[in-house]
Each structure stands twice: as structure tokens, then as C-alpha cells.
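Top to bottom, those sequences are chains A and B.
Take the first sequence: its position 47, counted from the start at 1, is 60 in my numbering, and no numbers get skipped.
Take the second sequence: its position 86, counted from the start at 1, is 94 in my numbering, and no numbers get skipped.
No lab work stands behind these hints: they were computed from the structure.
Quick caveat, the model's predicted, so the values are computed rather than measured.
It cannot be assumed that every hint is accurate.
Said to hold, decoys possible - Taking lysine-lysine and the BS3-like style, the derived pairs with C-alpha atoms no more than 25 Å apart in a straight line are: (1) A:Lys159 / B:Lys208; (2) B:Lys681 / A:Lys159; (3) B:Lys407 / B:Lys380; (4) B:Lys624 / A:Lys156; (5) A:Lys101 / B:Lys681; (6) B:Lys326 / B:Lys338; (7) A:Lys45 / B:Lys228; (8) B:Lys407 / B:Lys247; (9) A:Lys156 / A:Lys84; (10) A:Lys45 / B:Lys299.
The chain contents come next:
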Amino acid sequence: MAQFTININGASHQIDVAADTPMLWVLRDHIKLVGTKYGCGIGECGACTIHVDGVATRACSLPISVVGDSKITTIEGLSENNDHPVQKAWIEHDVPQCGYCQSGQIMNAAALLEQNPSPSDTEIDTAMNGNICRCGTYTRVKKAIKTASSQG
Amino acid sequence: MTFFKTNYNRRSFLKSSAAAGGGMLLGFSWLASCTPTDEQLAQIPEEWFNINAFLKIGDNGIVTIMSPNPEIGQNVKTAMPMIVAEELDVDWSNVVVEQAGLDTAKYKRQLAGGSQSIRQGWQSLRMAGATARRMLLEAAAKEWNVPVAELTTSKGIISHPSGKTAGYGDMASAAAQVPVPEGIELKDTKDFKIIGTPTKNVDGPKITKGEPLFGLDYQKEGMLIAMIVHPPSFGMKLKSFDDTTARAMPGIKDIFTIDSLPEGVESQWSDVNAFPQLVAVVGNSTWEVMKAKKALIVEWEVNTKGENTVEYKKGLTKLIEKSAEEPARKDGSPEEAFKNASKIIEKTYSAPFIAHNTMEPMNFFAHVSADKAELAGPVQTPEYLSKTVSNVLGLPEEKISIMMTRMGGGFGRRLYGHFGVEAAVISKKANAPVKLIYTREDDMTQGTYRPAYEVKYSAALDENNNLTGFKVNGAGIHESPVFENRFPAGTVNNYVADKHTLDSNISTGAWRAPRSNFIACAEQSFLDEVAEAAGKDPIEFRLELFNNAIANPVGEDNDYDAERYAGVLKLVKEKSNWGTKREGVYSGVSAYYCHNSYVAQIIDLVMENGQPKVQKVWCAIDCGIVVNPEGALNQIEGGIIDGIGHAMYSNMTFTDGVPDQNNFNNYRLIRHKEAPVEIESFFVKSDIDPTGLGEPSLPPVAAALSNAIYAATGTRVTQQPFVDNVNLDKSTL
Chain A
14 MAQFTINING
24 ASHQIDVAAD
34 TPMLWVLRDH
44 IKLVGTKYGC
54 GIGECGACTI
64 HVDGVATRAC
74 SLPISVVGDS
84 KITTIEGLSE
94 NNDHPVQKAW
104 IEHDVPQCGY
114 CQSGQIMNAA
124 ALLEQNPSPS
134 DTEIDTAMNG
144 NICRCGTYTR
154 VKKAIKTASS
164 QG
Chain B
9 MTFFKTNYNR
19 RSFLKSSAAA
29 GGGMLLGFSW
39 LASCTPTDEQ
49 LAQIPEEWFN
59 INAFLKIGDN
69 GIVTIMSPNP
79 EIGQNVKTAM
89 PMIVAEELDV
99 DWSNVVVEQA
109 GLDTAKYKRQ
119 LAGGSQSIRQ
129 GWQSLRMAGA
139 TARRMLLEAA
149 AKEWNVPVAE
159 LTTSKGIISH
169 PSGKTAGYGD
179 MASAAAQVPV
189 PEGIELKDTK
199 DFKIIGTPTK
209 NVDGPKITKG
219 EPLFGLDYQK
229 EGMLIAMIVH
239 PPSFGMKLKS
249 FDDTTARAMP
259 GIKDIFTIDS
269 LPEGVESQWS
279 DVNAFPQLVA
289 VVGNSTWEVM
299 KAKKALIVEW
309 EVNTKGENTV
319 EYKKGLTKLI
329 EKSAEEPARK
339 DGSPEEAFKN
349 ASKIIEKTYS
359 APFIAHNTME
369 PMNFFAHVSA
379 DKAELAGPVQ
389 TPEYLSKTVS
399 NVLGLPEEKI
409 SIMMTRMGGG
419 FGRRLYGHFG
429 VEAAVISKKA
439 NAPVKLIYTR
449 EDDMTQGTYR
459 PAYEVKYSAA
469 LDENNNLTGF
479 KVNGAGIHES
489 PVFENRFPAG
499 TVNNYVADKH
509 TLDSNISTGA
519 WRAPRSNFIA
529 CAEQSFLDEV
539 AEAAGKDPIE
549 FRLELFNNAI
559 ANPVGEDNDY
569 DAERYAGVLK
579 LVKEKSNWGT
589 KREGVYSGVS
599 AYYCHNSYVA
609 QIIDLVMENG
619 QPKVQKVWCA
629 IDCGIVVNPE
639 GALNQIEGGI
649 IDGIGHAMYS
659 NMTFTDGVPD
669 QNNFNNYRLI
679 RHKEAPVEIE
689 SFFVKSDIDP
699 TGLGEPSLPP
709 VAAALSNAIY
719 AATGTRVTQQ
729 PFVDNVNLDK
739 STL
């Protein structure tokens, strides 16, 4: 076990865990922020996507020991009032079915728009390809990203 | 209006606050589980009045409607309360929806499966709303001393021609004392205001904020994390294990074996489980338990022989080489028809095992103490889980409570609630509240797969290219995929259906649109081929067959309505570009009936780097009255993408009983790039009570795709996954 101080959603947290503990489980088990989801544990599905200094990152494959001073944002910290353009667009297009993968989809989409405010269809496909939705909401995800992009 | 006799027992109308909903028991109410928004806080009434099992009304007019059935993403948590709200005649913006827990005394069929929640709940949900409205009216009539018949309602306001008005909140207290009416009038469908209006998912804003809604998110004070280790191979069982290293690892509380289905315990259909004997690891946190699990040294022994994909495929092929001892159905003389045919078309189709792969892996919370068991988690069959937990623990069912959390997908996987039983057994043994979590690998290699299937079709055409004979002969692991009384049965004079099953130690279960998810693709691909051999347009050919069934149906057991079937085909043809030639664009059509609904689809695709890229899917559906068009469209789109994805890419294979795939790096699911560019759906206008919607859009789409692939490449793809069986680019991403 080791002591880590990490910045999550603007707040500093002291965590005492093994150095190889992935951020996914630090968030879910220790900080009780469960919006970040477990889907595969090997970085293949995108359900656990968070932002590390603004960059979309798979929390299941990110050990706490490498986080350092980086600023971590989770779905809970994306906006104060559920009003990030991506969240608003997701509600407008009624994207979720089961909803389990959507935190990851939203975090990935938000990071995409931060880097590329008006992505083309192909750029959206490429950026979102690592996020699996088993319910098949892909066409709505794309529509919502386009709406968020124009609101951006 | 139509008058219906209410069929509630008194229990359904409990007026004590104890009836406020099972959700309260485990802290999963809308206020307790999530941070309420300012808007919600402003809505909280001073006092709630329980009118019946489905709804309570606040003194300020806010209505809480209980959603009785498990929510797996099929949107019943929005649609079912909409039906109650419609008959109650309340403003939807004043409705708060709460998930009910398992309560068989109050609710019927709390199950998610067979696309039946809305269809089977329709009448009781309407009556719950209508009786509550009637009780409010009677309370107002008494207070104002006027006849009930003179009162009207609109959006939660009761009005009398004299100018008197009152909100439902004002009358709720008195209404709760009114006797339950013995009969009730329901609205005419033309007066529906909420039903038929596109309505957003009630959990949408909670999902976009990442609030704790799912089983995996469930937390309780003092809760431990549990994981299981199951045999690596179907046919193997536990021999022994060495936990010396694992037990000494940080955070580990206990390691032991469990038997979730001990011999002698009465089992039910939902108790499908290839691995009831497991090693359980219990500890403080998920990562610690995951690490200890890897450090366990487990010895397994062969119980029954592990199977190989090549072998069971051969077994299926052998079965369909011959007729069944007794055909499942036979009309006329197929032998004669084939003997006299001028053309015979034959083709065999197959599909592999596939896993459900809900994005949220199997998990469940359980807290078992000496005299009771509290469970919470994602399960499609809570009533069955309760029964098995009762049998296994030896606790009466009234001592067991089950709260349904929102589910990260179901697709049939969570009909089989062994993970809930395992959680209960582990909790009892560990003497602590535990949340059992499967890793993705545990989940994907556990079984209850969609079975592997193979089917052979034969068609006989006469010299005028009329279909004179038809044979279907299908085999599958544990079940045949053939529905003997479905189309084209009834349209052809000489018909035979044969069914075979192959035993296996690989466990199988219902997977979204069971059997249909394969047979629709085979049947509709084959009919395309027959239409081509007959020199007919594929849609005209099918319509010709439906005309036979309308004018002169063969046999009496046909389980479809040929006019409605033809109706969706005509509608999809009209809405699409069918028949117009466009350079580089290829089309395929398909139609199918299941879960009481009719679907026809047309796909347009282009070929890009040797891969089909679906440009557009047109879908026509006849599913009776559409309760929530927004959610309905979402289900249709999801079913289409799911159907295309699994037919194209997904495959579960086995080597000596060991699954060759165990995570998303080697098991392929459809991804963003591969999804259709556009989907457009059309509902047949209907006054028929609602029918299934969660499954029917999935089965036919694979055939629309395979028929379009044929149009583009000249290759008939007969084996799933398509990506392995035509000359397509096999890159994984």
C-alpha cells in the first residue's frame, strides 16, 4: 500500500492503495464515484473513459501511480448542472438505451470536441470507435455529437 | 369509452405508507439514490397519498408512478408509467417515476423477456390509472355535492361546469378513502394524449450525469466485494485449490467453495448454469480481490468431454442430412412436389454460438442473515430468482427481498439469475453483505450462449415459377431453430418442417429474439434466392406468397396474419428507393414476424475497401399502438445495429470445451465505424393493443444485409459471422 494525492474533479484526494490499482477502481471503490464504468478491464470497450488533463483515457488501464499531478475529470465532474453541450445533446437526442456505456461515450465525445470543435463524420467514427455500445445507439451518438458541435 | 371490470385484489390498493414502494427498502428511491435537482426539491410534496400499488399522489399534485418491470434498456421505465399517466389524465411533467421492487402480491409478471412487458401490462396499467382517476372524481363529487358524471379532468385538474376546479393533490387525501370501483371505463384510443407522444427516457439526465443506477454501482455500509472462479472449460469441475498465497494478500477476507445449486434442490427453467460449483474470493475492494483471484491455484478435473467447434458443427450437419422421425408439420405431399419440380433450390445456413455480452457484467448484491435475505441487482426474472434463493438458502420467500436496479443490458442473459443465487450463498458463508462481480472474462466464458444452429432449406418451382414445395430442416444445440407454423408455412401446398436437437455440455439460453435471431436470416436469405430462380422481384415474390395465404391459407395453425405481414412489406417499399438503380448502391430486403409484431426492412449499402458499408436502413413495423414513439424508434434502431453487428462479426468458438474468446480484444462487437449511416423507421398506424418491440427489429435485418451483399458481390453469404465467410476485409478495427 502507498499514499497518493490525486486531483479529481477539482478536489484533492488522499488515497491509500496498492500502486498498481487502476484509476477505475480507485474512483469506484475508494472515492465512490461510480459514473465511470467497468466493461472489459483491458481498454477495449471505452466504458471507463475519463479525462486526464483533458485527454480521453481508459481508467481501467491507468494505474494510480502514474497519475501524479495530472487533473482527472470524471463524468460527475464534466459539468456542474448536467449542462455540458455533450450532455445536453445526449438528452435532446434521447441517446441512452440501457445507458451503461454512455458515461464513457460522453467523456470520449467531450474530449473529441475539445480538440476538434467541428469534426467530420469520419473523424467522429474514428474518435469514437473504441467505445462499444452493446445496445446499438451509434447513430444517435453521432447525431448528438454533431448537435453538441454546433452548440459548442 | 370501454367499460372494464377491475381485477385487483384488495392488496393492490393498500393505503398504508408501507406500500410506498419496495424501492424504499434498499434506498433506491429517486431521492435517496441520487442527489435531487433543485427542480426535484421544489416538487417534493409535504405528504403522499397512496392510491394504489402503481401510484401515489402528493398534496401538491405531483404523482409518483411505480414502474413494475425490470429495466434493461428497453425503456419500460418510461413507457409503462406513461400508460398509467394517460388514464390518470395527469400532466407528464408532474410525474415522478420510481422503480418498484419485487412484489408478487401487488404486481403481475415482473419480468423482462419476450418483448411482453407492455403487451401484457397494458390492461392493468391502464386500469391502475383509470381507477385512481375515478377515485379522485368521486372524492371531488362528494366534496362539491355534484354528480360524478358532471366532472371532467385535464392534466391533473378536476373541473365542474359551475366553475369549481381542484388539483389532484387537493383531492388525494379524500380519494385514498374512496372504495375501489368494481368496474372502470377506459379512454378511447383517439383521446390519448401521452400515449403516442415522443417522450424522453426518464433516467436520461441521471445517465448523462453518471449517477448510481446500475447493479454494479450498488453500495452498502460494510459491504465486501466477492468474485468467483469457474472452470476454464465446459465439462470440467473443481478438484481442489491452494489459496495459501491468495489468502495472505492485502484486503482478502475469505476464500471458499460454493455450490449455488446443490443436489436435491428443486430447479426451475431459469436455473441454467454450467458451473454451480465455484471458488469464491471475498475481500475489501475490487482490485484486491481481482489480484487474489489470479493468485489462486486451482485444479480442475474432467467431468464430461470438452467439445470442439469443428465437431459439433459436423454433428449439426449430420442431423439435417436426414428427415426427423416425425415432421413437426407436413402439408400436402412435398415428395410429389419435388419429384415434379422443374427447378429445385437448396441451401444450408449456419450460425455460431454467441455470447450476450451485456456491457455491465453479471453482478449482484446480497445480505443474508439468519432470518432474512436482502438482494439488489440486475435481473430480468426477480420472481424466479427469489424462488431459487429460497430453495437454496432454505428461507421462506417472504423473508427475501429483491430490488431491481437499472440493468446495463439484458438481451436474455439476465433471465438466468445464478449470479444472484451465488451472491446470496457467498453472503451467507462470509456472514457479510457482499457485492458479487464477474470480470468480463468470467462473464464471456460462463455460458448460457445463443446456441449454434444449422438449417437446410429446399424449394420446388413448377414450370411457371410458382412455389409448389418447401422444406425446412433445422438443428441446433439444445433446441431447433425452426418455427414450423411461421411463414412460409400456409402459403405453399406442399410443405414439411423437420426439427433436430444436439446435446452439449455448453450451456445455452435465450438471446434477444431466441431462434428468430438466426432463422429469420436463413429463411429470408433463402427466399431471396428462390425469388431470383423464379425470375421475380424479391418483394413481389413475397407478396405473391402472402396473397396465397390471404386467399387460400394452407393448414390451420399458421401463427401470423398475412395481411399485416404484406402491409409492412408494402410500406417499406413505398418509403425506400426500392427498384431505382443507383451506381454503386446495392439493396436487400427482408421481412419477419415475431413477438406479435411485423417488420420489413430494406438496406442500401456500398462497398468500401471490400467491406459492405450500410448507408441506409428503412424499417416498417406493425406493433399495434405505439406507446412512446421516441423509445420505440430507439429500440428499432438498436435492434437493427445489434442484428447487423452480430451477423457480421460475432463468433464464439471452442477448443476442448475452452471458449476461444474471452474479452473484446478477441470477441468482436460492432463499433461506431461499422454502424449504418442512417436508419429511418415507419410505424403502421394501428388501434390494436401494443405488441412486442424490444426484439422484432433484430431478426430480419441480417437477411436484408446478406441479400444486399449478394447484390453487390454475387456471393450468397450463408454462414455467420459474414466477415469470416465472404471476401471481406477482416481487420478487427
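Structure-based check of all given hints:
1. Distance restraint check for Lys159 of chain A and Lys208 of chain B: the Cα-Cα separation of roughly 19 Å lies within the 25 Å cut-off, and the hinted pair is therefore satisfied.
2. A distance of roughly 16 Å separates the Cα atoms of Lys681 of chain B and Lys159 of chain A; the hinted pair therefore holds under the 25 Å criterion.
3. Of the supplied pair hints, the one linking Lys407 of chain B and Lys380 of chain B holds, its CA atoms being roughly 5 Å apart against a limit of 25 Å.
4. Of the pairs offered as hints, the one joining Lys624 of chain B and Lys156 of chain A holds, with about 15 Å between alpha carbons and a cut-off of 25 Å not exceeded.
5. A distance of roughly 24 Å separates the Cα atoms of Lys101 of chain A and Lys681 of chain B; the hinted pair therefore holds under the 25 Å criterion.
6. Among the hinted pairs, Lys326 of chain B with Lys338 of chain B is consistent with the structure: their alpha-carbon atoms are about 22 Å apart, no more than 25 Å.
7. Of the supplied pair hints, the one linking Lys45 of chain A and Lys228 of chain B holds, its CA atoms being roughly 11 Å apart against a limit of 25 Å.
8. Taking the CA atoms of Lys407 of chain B and Lys247 of chain B, the gap is about 34 Å. The hint is violated against a cut of 25 Å.
9. Our distance criterion of 25 Å between C-alpha atoms is broken by Lys156 of chain A and Lys84 of chain A, whose separation comes to about 29 Å.
10. Restraint check for Lys45 of chain A and Lys299 of chain B: the C-alpha separation of about 20 Å stays at or below 25 Å, so the hint holds.
Comparing the model with each earlier hint shows violations of hints 8, 9; every other hint is respected.
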